[in-house]
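Student: Listed below, chain by chain, are the residues.
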Amino acid sequence: MSAAETAHRSVVAGLPAPPVTPLATRLSRLLIAALTVVVLVFCWYEAEMNPAQLVQDAGNMATLGAEFVRPDFTDWDVYFNSMLETLAIAIWGTLLAVVVGIPFGILCADNVVPRWVAFSVRRLMDCCRAINELVFALIFIAAVGLGPFAGVLALFVHTTGVVAKLFSEAVEAIDPAPVEGIRGTGGTWLQEVVYGVLPQVLPLWISYALYRFESNVRSATVLGIVGGGGIGMVFNETMRGFLYSQASAILIIVIVTVSVLDMISQNIRKRFI
Amino acid sequence: MSAAETAHRSVVAGLPAPPVTPLATRLSRLLIAALTVVVLVFCWYEAEMNPAQLVQDAGNMATLGAEFVRPDFTDWDVYFNSMLETLAIAIWGTLLAVVVGIPFGILCADNVVPRWVAFSVRRLMDCCRAINELVFALIFIAAVGLGPFAGVLALFVHTTGVVAKLFSEAVEAIDPAPVEGIRGTGGTWLQEVVYGVLPQVLPLWISYALYRFESNVRSATVLGIVGGGGIGMVFNETMRGFLYSQASAILIIVIVTVSVLDMISQNIRKRFI
Amino acid sequence: QDVKELNFGFISTESSANLAKSFEPLLKDMEKAIGVPVKPFFVGDYAGVIEGMRFKKVDVAWYGNKSAMEAVDRANGEVFVKTAKPDGSSGYYSLIVTNADRSDINTLKDVLDCSKGYNFGNGDPNSTSGFLVPGYYVFALNNVDPQKCYKRVVTGNHEGNLLAVANKQVDFATNNTENMTRLQQTRPAEAAKIKEVWRSPMIAGDPIVWRKDLPADLKAKIYTFFMTYGRNGTPEEIERARAVLAKTSDGWGPFLASSDAQLIPIRQLELFKAKVKAQNNDKLSADEKAAEVKKIDAQLADLDAQQKKLPAM
Amino acid sequence: MAAALEIDRVSKTWGSMRAVDNVSLRIEPGERVALIGASGSGKSTLIRIASGLALADAASGGVRSFGVGVQDKGRLSSEVRRARRQIGLVFQQFALVGRLSVMTNVLVGALGRMGRLRGTFGLFNDDEKRTALAALAEVGIAQHAAKKARELSGGQQQRVAIARALVQGARLVLADEPIASLDPKSAKRVMDTLVTMSRDHGIALVVSLHQVDYATAYFDRVIAMNAGRVVFDGPSSRITAAFLTELYGASAEELILPSQFAVPAAETLAPTSSEPVS
Amino acid sequence: MAAALEIDRVSKTWGSMRAVDNVSLRIEPGERVALIGASGSGKSTLIRIASGLALADAASGGVRSFGVGVQDKGRLSSEVRRARRQIGLVFQQFALVGRLSVMTNVLVGALGRMGRLRGTFGLFNDDEKRTALAALAEVGIAQHAAKKARELSGGQQQRVAIARALVQGARLVLADEPIASLDPKSAKRVMDTLVTMSRDHGIALVVSLHQVDYATAYFDRVIAMNAGRVVFDGPSSRITAAFLTELYGASAEELILPSQFAVPAAETLAPTSSEPVS
Ligand SMILES: Nc1ncnc2c1ncn2[C@@H]1O[C@H](COP(=O)(O)OP(=O)(O)OP(=O)(O)O)[C@@H](O)[C@H]1O
Ligand SMILES: Nc1ncnc2c1ncn2[C@@H]1O[C@H](COP(=O)(O)OP(=O)(O)OP(=O)(O)O)[C@@H](O)[C@H]1O
Ligand SMILES: [Mg+2]
Ligand SMILES: [Mg+2]
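Chains as they are written, first to last, in this note's numbering: chain A, 1 to 273; chain B, 1001 to 1273; chain C, 2001 to 2313; chain D, 3001 to 3278; chain E, 4001 to 4278.
Please keep in mind that the hints were generated in silico from the structure rather than gathered at the bench. Note that the coordinates shown come from a computational prediction; the quantities given were computed from them, not determined experimentally. Just so you know, even glycine gets a beta-carbon here, dropped at the ideal spot from N, CA and C. Hints may be right or wrong, so weigh each one.
Unchecked claim - Listed below are several chain C residues computed to face chain A (Cβ distance under 7 Å; list not exhaustive): (1) PHE2041; (2) PHE2042; (3) VAL2043; (4) GLY2048; (5) GLU2051; (6) GLY2052; (7) PHE2055; (8) LYS2057; (9) LYS2109; (10) ASP2113; (11) SER2115; (12) PRO2188.
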């Protein structure tokens, strides 16, 4: 079965040896590897990692975990309403973020805009993500008062920073050929994006948008501040009250919601792949 | 300049008209559009959206925002140490999540594993994401006690759910041709993944991993529970004490960290695109 | 200006859904009494309510003692009544608790024994009962620095600390009576594993704060409502109102009059915290430290004087 | 001995369109066959079905290679990986991994013969590397071994795909238009390599081609497809200008056909009747 | 009148390799030129430079089309989009958007002539749709208009790429191996379409080809490249078997060359001396 192999081996003698990695590259790789190990070890101690303990007291986890397997749906109407409220806020917060995140995401991708534009817009988006939602929430409360609207706005700004980053990194990973196809026809920059870039990144963009929607639904921080209610807050309160049966009922609702969103995401993406 | 155009127009007469979308498809599209609008409008009211108010009291935002532009770095050493601690926890939490997320992510992608496998693993990952970090934190506290290690574990489980989802959706969007190239040589399933899938998704995977690392650095929830300290908690405390000058100093540190991570991400991805 | 709608903020420390339901009848009655619709907001984090009050987006709010202090200082708020129990008492206690099995820890003296290398679960630095009160009465007054005294000090919220004590992950931890009561109701098994070692002086009941610059007539109506609710009217009305109050939050009685003065003990604790911080601040020179401490001492003395001037409430 | 490739009543439908229509074929070990047919006649689809990359319709029969099952009734056989290991494939659109080096793309061909673990971790030994380089030299692009695959010119990429199939050491090679993007010299070199390899080691060879002159020059047996059906299967000597005109379209247009069929027709050719087969 | 394409001392280096080496060219409006050369000789790179998709080295001169600048000294001209609008391109590897329909892929060719906004939102009017369908019919794949581009066979995709260039209504068409994956009939049809279009509307045409017989049959002027340099630029009648042997490689191997150069040489051909140009 190695017929062809033998055939070729005869030719081999006179050929150059396979390319070897130069010493400098090897050394720098070694250095990076060594550095990585040092950082990891340092962090291991800093984070007080102790896997043995985890195994040793695994029984405790089971004991605690068991308390979450008796969901108590008595207050289901409360949960349901909070979930609706959360969904409403997350829908608008995410929608606005996606609408604004698309142009910003494209402006962050240095294969479609000049490098300095991408760099500046990227830093702006970094700020949107890095500045805590709490800050944005307070700022918006000052303008519109307590209530879900301030929550929508705070989610919006933060989510814009996230989706713009994710959108742009999908754009940077595309195959350039179709874009060149459009460019060759003399299409405008925007047309290159619409016909060359979008069809390639759409499945991923949909995935990101729905992922962020989902995580906005899950998140409680912002809604906790603006007083919008929401399932996250209700959950935190049940936890604070050690009402694990009720907490697990809420978790089940959240899990179902997340699963449904995930399936919707699957479904929509299928159409564009 | 429309020479060719005219040339073709003469041929056109005898040709079938361009394909028309069938009525059923159109109607169902219309229905979906109408439904979307209804949901959006409903959520608009539910979220008490009121853009006018935002404009009207924009001055308040400026007043509050201005309090954040006088950073006070007196306690920089505290911030710096908390940042280190946070980084240590986030590094291990994310690293473990990525290591575990890679196989799970691949098992979630229904273009590389049978549909029922992808479906089941996806639901498992949904749970990892949907179950609040608080719950995991408590469960791990029961086993390993308060401290950063419990934080690492809680971040780990949650982050696994996120990266596995994102990883798998990148896999589902790949070009099948190179994978078929490997398949054609009779490579094993794992070899198809290593040679056909990985090179295509690596830039995106790096992007996701570093994004999640960044957001683990930013997040405070888990560390607040396990008592690990961390920059997020210090920030929350300054905010709770209305020490906006100190809060803005911390924000600057976080922004710089996030920007550096973003640039590192850019850089690593470049090598694989 | 004209207030068309009264925004009422609630810092919810327990289930906001149940809280919202429990407040509904009270707020209905309030609307009727003051003639303006009342819009409630149940909020998990007080920062938003305080900033909202500062920018006139929140008119009245139910705070904890510490957050009320912030509201008074930053947001132009003023305490006007405080909550009370149906029996007329008002306030709660800070605790130090340990596992019921620990026969070796029974008194404050055991807790303060630095030779044993204990693990201590301290409260969130912003918690009045979990951090400030024990920090002052247990550690500061006895000149003990927990960081130096114990092998390990971990910071957790009330629930985390209770669990840690129940599971023997720490030797003792801070807490408060309200939280213990809740645990006894919801998880009696866990609560049975916990015993009390120390109890603080009483911490005043939760203050209700309004925006100082609300129109005077509205303020008058609000004040009247709070002070007469469950007290004035026909016996049926009083009975109904008391029933409403008893079902509100964790069971209230008629409100008690109060003023910013109720915050003086909290202010003292805060100042004390600042003093400790200044003393431990390595960045300050000895002179600067002394000056800072002196300034704080003066403020403390001033507060003391104010407190003494007040008639007993 | 089992046939190198045995296709039994196989069809493939996309929507309402039959890309492959009830095709049966048998290729003997060591046999060399050219596959011709108009664009869209189903050549690529047939090759993909033969290697189990496309599944035939459920109403189809089976596909076997050297007795090992590839697929049956539209379901992949459990032995398909073993079958594929002995089938070398050259894809029409190359199917290279653009972000990997040319060398790695070719080495991938050796995976089937390596230890599983070693293959998975890319620990190719010097022997395998030398074999890969030799294959690249054979098709004339050894000097590009270190480049990334997507940095090559079209014709160079095509030759990487061929080198990958060469390295595989297969007993049956299916090549889909392997010389489409090649200049005459490279095309000849590649065809010579393929045919020599086949002759010297008894490897069966199926090559789809648009250049009828190559088909008749290099192959004794020609299979012609039209609209998914096999319309001719016989010795290349029996192919006539008239048949080719019919094959590539019913219109009477003058075609550019290879020299031996030169269009000022009616010359020396002795067209042995062009009856289409089954 | 300005030249349809004017390339002035252009080079392109990848690392240490010169893909295009100091090439100067002038194509007149309405002229038809074949571009030949071995695989890797720089044909595609030259075409990409001519349309401003690749940037030449900084030490190069400029590229202009009908007087409109494309690039100069390795920097894109500000008018490049205007230049591109009058240049129709057929890519060697098609450069289609696989997830869009064939129809949309072809309509994209019309973008340059449409209102910006209308183009960006894909609001093509019936006229444009009919033109696109006509172009698809011209290359013989109108029935596949509604499919996604990646669902087509290789040759069908190639024809979509050609239809896109046809729809553009350009004054200069640069086609990179437009018939590589086509059967003889389709190849002839495509070449006929291109040449007729060029002849009827005075459109300049540059086609890179591997099939030397097509080059001599359809084009009066042939440019031959070798290792990045232009080694021949003259009438196709002056191409000889000896020159071709030299062009595609110095080795003395017998080549498969088109009929008129049939290898049992020394026949009727009157090779007008094959001196390579500049
Ligand atoms: N994924 C698909 N979806 C729909 N139709 C397809 C798909 N793949 C191929 N086809 C259709 O099947 C028919 C046969 O395609 P195939 O690729 O086998 O042709 P071919 O003979 O290889 O043509 P070429 O010489 O152009 O490569 C074509 O009409 C093509 O459009
Ligand atoms: N991105 C790139 N990076 C490095 N080298 C490249 C790149 N693109 C092309 N080359 C090299 O430049 C040379 C010329 O390539 P080009 O694509 O122009 O050749 P060609 O004449 O079109 O060949 P073919 O007929 O095979 O398509 C080739 O040797 C190729 O390897
Ligand atoms: Mg094909
Ligand atoms: Mg080329």
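Student: Is the interface hint satisfied for PHE2042 (chain C)? The criterion is a beta-carbon contact with chain A at less than 7 Å.
Tutor: holds (6 Å)
Student: Can LYS2057 (chain C) be said to touch chain A, with a Cβ gap under 7 Å?
Tutor: holds (3 Å)
Student: Is the interface hint satisfied for GLY2052 (chain C)? The criterion is a beta-carbon contact with chain A at less than 7 Å.
Tutor: Check passed: Cβ of GLY2052 (chain C) comes within 5 Å of chain A, closer than 7 Å.
Student: A closest beta-carbon separation below 7 Å is what the hint needs, so does PRO2188 (chain C) meet it against chain A?
Tutor: This interface hint is violated because 11 Å lies over the 7 Å limit.
Student: Under 7 Å, Cβ to Cβ, is where ASP2113 (chain C) needs to be relative to chain A, so tell me if that hint holds or is violated.
Tutor: violated (26 Å)
Student: Minimum Cβ distance from GLU2051 (chain C) to chain A below 7 Å?
Tutor: holds (5 Å)
Student: For the hint on PHE2055 (chain C), does the least C-beta distance to chain A fall short of 7 Å?
Tutor: Where the cut-off is 7 Å and the nearest Cβ of chain A is about 4 Å from PHE2055 (chain C), the hint holds.
Student: For the hint on GLY2048 (chain C), does the least C-beta distance to chain A fall short of 7 Å?
Tutor: holds (4 Å)
Student: Quick check on LYS2109 (chain C) please, does its C-beta sit within 7 Å of some C-beta on chain A?
Tutor: violated (31 Å)
Student: Return the status of the interface hint for VAL2043 (chain C): holds when the least beta-carbon distance to chain A is below 7 Å, violated otherwise.
Tutor: holds (4 Å)
Student: Hint SER2115 (chain C) vs chain A: min CB-CB distance below 7 Å?
Tutor: violated (25 Å)
Student: Against chain A, with CB atoms and a cut of 7 Å, does the hint on PHE2041 (chain C) hold up?
Tutor: Hint on PHE2041 (chain C): holds, closest Cβ of chain A at ~3 Å, below 7 Å.
Of the hints listed earlier, those the structure fails to meet are numbers 9, 10, 11, 12, in rising order.
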